[in-house]
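Generate coordinates for the entire structure from the input sequences, incorporating the hints supplied.
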Amino acid sequence: MQGMIDKVRRGEFPAGSRVLYAHLGGVPALNAYSFLFRNG
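If you're matching positions, the sequence shown starts at 6 in the working numbering and goes up one per residue.
Simulated from the structure, these hints should not be mistaken for lab results.
It is possible that part of the hints are untrue.
[Unchecked claim] Label-pair distances were calculated between CB atoms; the ranges are:
hint, residue 1, residue 2, range
1, Met6, Ser39, 14 to 22 Å
2, Asp11, Ala34, 16 to 24 Å
3, Arg43, Gly21, 37 to 45 Å
4, Leu41, Gly21, 31 to 39 Å
5, Pro33, Asp11, 21 to 29 Å
6, Leu41, Pro19, 32 to 40 Å
7, Leu41, Gly16, 28 to 36 Å
8, Arg14, Arg43, 27 to 35 Å
9, Asn36, Met9, 18 to 26 Å
10, Pro19, Phe42, 28 to 36 Å
11, Arg43, Met6, 19 to 27 Å
Here a beta-carbon is modelled for each residue, glycine too, at the ideal position from N, C-alpha and C.
See below:
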């Protein structure tokens, strides 16, 4: 979420553009994919 806010503040999206932000679970979702983070 913070990354999206930062991109908006930096003007990375043209004024009036439509942006879809899909929040897919955040930190709790990391547990399901922890095997990806263990050994790189």
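Status of each hint after checking the structure:
A hinted range of 14 to 22 Å holds for the C-beta pair Met6 and Ser39, which are about 21 Å apart. Between Asp11 and Ala34, the C-beta spacing of about 21 Å keeps the proposed range 16 to 24 Å intact. For the pair Arg43 and Gly21, the beta carbons lie near 43 Å from each other, so the given range of 37 to 45 Å is met. Roughly 37 Å separates the CB atoms of Leu41 and Gly21, a value that falls within the hinted 31 to 39 Å.
As the Cβ distance of Pro33 to Asp11 is approximately 22 Å, the hint placing it in 21 to 29 Å holds. Checked against the hint of 32 to 40 Å, the pair Leu41 and Pro19 passes, with Cβ atoms roughly 34 Å apart. Checked against the hint of 28 to 36 Å, the pair Leu41 and Gly16 passes, with Cβ atoms roughly 32 Å apart. One distance hint, 27 to 35 Å for the beta-carbon pair Arg14 and Arg43, holds here, with the actual separation near 34 Å.
Between Asn36 and Met9 the beta carbon distance is about 22 Å. The supplied range of 18 to 26 Å therefore holds. Range check, Pro19 to Phe42: Cβ separation about 35 Å, and the 28 to 36 Å hint holds. Checked against the hint of 19 to 27 Å, the C-beta distance between Arg43 and Met6 comes to roughly 25 Å, which is consistent with it.
Going down the numbered hints, you'll see the structure goes against none, and every one checks out.
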